[in-house]
Amino acid sequence: MEKNKTKNRREFIQGGVRLSLSLALGGISGMAVSSAIKDDYVWQIDPFLCTQCGKCATDCIMAPSAVKCVHAFDLCGYCDLCGGYLKPDANEQSTAAENQLCPTAAIERKFIEEPYFEYHIDEDLCMGCGKCVAGCTSFGNGSMHLQIVHDICLNCNQCSIAQVCPSDAISRVKASEAYKVKGDFTNKPEV
Amino acid sequence: MVINIMKKLKYIFITFYFLLSTFYLFSQEQRFPKPEFETGYEQPSTITPEPRALALEYFDVLILIIVLSLASYFALKKRSRQGILWLSVFTLLYFGFYRNGCICSIGSIQNVVQSFFDPAYSISVTALLFFIIPLIFTLFFGRTFCGGACPLGAIQDLIVVKPISLPKWLNKTLGLIPYIYLALAVLFAATGTDYIICRYDPFVGIFRMDAKFHMVVLGISFLLMGMFVARPYCRFLCPYGVLLSWMSRFSKWHLSITPAACIQCKLCTNSCPFDAIDFPTNEKEVIKSGLGPKRFITYAVIIPLWVAAGIFVGAKSHTFLSKANPDVYLAELLISQPELKNDPENIDIETFLASGKSMETLVEEAEAIRADFYIGSMIAGGFIGLVIGFTLLNTVVFRRRQDYEPHKGNCFSCSRCQDYCPVEK
Ligand code: SF4
Ligand code: SF4
Ligand code: SF4
Ligand code: SF4
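Here the protein sequences line up with chains F and C, keeping their order. The first sequence stops at residue 191 when you use this note's numbering, and every number in between is there. The second sequence stops at residue 425 when you use this note's numbering, and every number in between is there.
Treat the hints as calculated values from the structure; they're not laboratory data. Some clues are possibly wrong.
Simulated crosslink set (DSBU-like; lysine-lysine; CA at most 35 Å straight-line) [to be verified]: (1) F/K174 / C/K34; (2) C/K172 / C/K212; (3) C/K341 / C/K168; (4) C/K168 / C/K34; (5) C/K78 / F/K174; (6) C/K212 / F/K7; (7) F/K87 / C/K172; (8) C/K284 / F/K7; (9) C/K34 / F/K110; (10) F/K7 / C/K323; (11) C/K294 / F/K87; (12) C/K284 / C/K266; (13) C/K168 / F/K38; (14) F/K87 / C/K341; (15) F/K174 / C/K294; (16) C/K341 / F/K7; (17) C/K78 / F/K7; (18) C/K34 / F/K7.
One side only, chain F facing chain C, incomplete, derived with CB under 8 Å [unchecked claim]: (19) K38; (20) C79; (21) A105; (22) Y179.
Rough simulated footprint, nothing fancy, chain F against chain C, three-plus residues with beta-carbon under 8 Å [unchecked claim]: (23) 37-46; (24) 332-341.
All values derive from a computational prediction rather than experimental measurement. Glycine is no exception: its CB is placed at the ideal position from the N, C-alpha and C atoms.
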């Protein structure tokens, strides 16, 4: 008899606490849901904030990095003297490896017609160091820029590059608009 | 020197563009306009591979629910260690190696916290579901999530070789670490500083087969340790385990060692690798130890002291903790070593100087963050003090137990003990 009573009391208390815990869980999810979005997030670089510091190549959890140079052909001037392809002090304008800016020779150059060339980035070779981006941005149109490429990126809960990016250029974007490719110059919000 | 000139040139360029753009608002001002091709060359389009489809993310949630249901069924109804074992293997392969351990319920604590404190961040539904579903299941069935659905738990569970039993005081003391870890993780997520649970996840590098060297070392040492001290991360670190254990203590149903009445055969006493089985109370020992109401009252009375001590320690350590925040760190560095401004090697400082942000703004921001840390550390410290106080109090509370029972808070619902019980259904 005594025992039953204690047991009942304990069950009653347990039930009460269980109810309050569920209410707490409900409250937390309710509050979180009010700001939740259906879409998922992915990480992306804002090319207008990025300063090509080079950390993208070293701080991604993937090796080589999930950050790659992408080429916005819309913007490209198809320059013969490509600031992203050739070192600024290249003594000859030959495409010899020592004249190329890219440390892994990931940029392929294709002749189109005199005097224009198409520049294409080999994603398997690119390691996201941003050297070409810096070159293209200072001497050319800035059509080359860094982006997190989503078939490689694991979409870490916290991107480890975002944590160290000195320009705060990496942020979460909606998965439905997963890239910030430079379209044309009018996309630039302000300078 | 050259760099400086180039920088100046760049600014001149930029100003020039700015002027131009105010004139021709919608025209393109490329330095080198796109050529008109004569050979009919067609410009390729920029390649942008899509991220993983949203439907697949929801599929993961579905898998989680299925695995949790199966784990609960195996642990409570079917009483099958085999079933839980195969479920762990699946979880390890799917959530671990295939999904690379991201997103996981443990890390999702931080997403939930950030969504409360950072108005610019809104949590994605999948992350929220990963946080909440295991907790709900635990409230009803005990920690079956840990038994079968957590990839971190699974990898540790599958390598248990020869578990040693730790003394009770050690278990209790080390068991405080998860509370501290949880408090710090919440503090860092709330102040937008870092996701430490993700950064120091020892196993994620193994799932990805790729990590920084020190993380690999950490992961492997955890695995080696885990062969003898079963599930070290779960018992002495996992911050999600704290929440799960709260839920589990009040779970409606929980696995029991025996399917019917316990016959006191003692066969299960050493079956739990995690020291999670409570033995029947030994009345004689209780009386002999002299732990009575007096001790209880003393411990209850000093709880506020523990809290106060925690708040004090929190307040004292907030300066140190806030250094983990990159803004605070940068501001401090620039104030203490202004000569670093001329060091072209320091990328962070160089970028800050080039960004045109003023020193005052930076210091202001850093001070605001530090103020948040001040309050946050005190709350975290108070919380830890409270936990220590209650843990102590718990050591002198004796609940009469006649049978061998799993400790509802600490049991991972792995079903091992059930195999040892000779009682038939
Ligand atoms: S870390 Fe930031 S600034 Fe540096 S290259 Fe990457 S996105 Fe650009
Ligand atoms: S220079 Fe760097 S970023 Fe550019 S293509 Fe080469 S590896 Fe990629
Ligand atoms: S989210 Fe992870 S994988 Fe993707 S770029 Fe950042 S660190 Fe690399
Ligand atoms: S205690 Fe933590 S790491 Fe271990 S199984 Fe449970 S949730 Fe996973």
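Taking the hints in turn, this is what the structure says about them:
1. Between F/K174 and C/K34 the alpha-carbon distance is near 31 Å, which keeps this suggested pair within the 35 Å criterion.
2. Taking the CA atoms of C/K172 and C/K212, the gap is about 32 Å. The hint holds against a cut of 35 Å.
3. Proximity of C/K341 to C/K168 is assessed by CA-CA distance (about 54 Å); at most 35 Å being required, the pair is judged violated.
4. Proximity of C/K168 to C/K34 is assessed by CA-CA distance (about 75 Å); at most 35 Å being required, the pair is judged violated.
5. For the suggested pair C/K78 and F/K174, the alpha carbons sit about 43 Å apart, so the restraint of at most 35 Å is broken.
6. As the CA atoms of C/K212 and F/K7 are separated by approximately 53 Å, the hinted pair breaks the 35 Å bound.
7. The hinted pair formed by F/K87 and C/K172 fails the criterion: a straight-line CA distance of about 62 Å is larger than 35 Å.
8. Using a Cα cut-off of 35 Å, the hinted pair C/K284 and F/K7 holds, with the two alpha carbons roughly 23 Å apart.
9. Simply put, C/K34 and F/K110 have alpha-carbon atoms about 16 Å apart, close enough for the 35 Å limit, and the pair holds.
10. At roughly 51 Å between alpha-carbon atoms, F/K7 and C/K323 are farther apart than 35 Å, so this suggested pair is violated.
11. Taking the CA atoms of C/K294 and F/K87, the gap is about 81 Å. The hint is violated against a cut of 35 Å.
12. Our distance criterion of 35 Å between C-alpha atoms is met by C/K284 and C/K266, whose separation comes to about 19 Å.
13. For the given pair, C/K168 sits about 46 Å from F/K38 by alpha-carbon distance, which is inconsistent with the 35 Å threshold.
14. Our distance criterion of 35 Å between C-alpha atoms is met by F/K87 and C/K341, whose separation comes to about 28 Å.
15. Using a Cα cut-off of 35 Å, the hinted pair F/K174 and C/K294 is violated, with the two alpha carbons roughly 59 Å apart.
16. In summary, the hint linking C/K341 to F/K7 is not supported, as the alpha carbons are separated by about 70 Å, beyond the 35 Å threshold.
17. For the suggested pair C/K78 and F/K7, the alpha carbons sit about 26 Å apart, so the restraint of at most 35 Å is met.
18. The suggested pairing of C/K34 with F/K7 is violated, with an alpha-carbon distance near 83 Å, which exceeds 35 Å.
19. Satisfaction of the interface hint for F/K38 is found here, the shortest Cβ-Cβ separation to chain C being roughly 6 Å, below the 8 Å cut-off.
20. Annotation: interface hint on F/C79 holds; nearest CB of chain C at approximately 6 Å, less than 8 Å.
21. Given the 8 Å rule on beta carbons, the hint for F/A105 is violated: about 19 Å separates it from the nearest Cβ of chain C.
22. Evaluation of the F/Y179 hint against chain C yields a held restraint, the C-beta minimum of about 5 Å falling below 8 Å.
23. Counting residues of the segment 37-46 of chain C whose CB lies closer than 8 Å to any CB of chain F gives 8, so the stated coverage by that chain holds, three being the minimum.
24. Requiring three or more residues with a Cβ within less than 8 Å of a Cβ of chain F, the coverage given for the segment 332-341 of chain C is violated, as only 0 such residues are present.
Checked against the numbered hints above, the structure breaks hints 3, 4, 5, 6, 7, 10, 11, 13, 15, 16, 18, 21, 24 and satisfies the rest.
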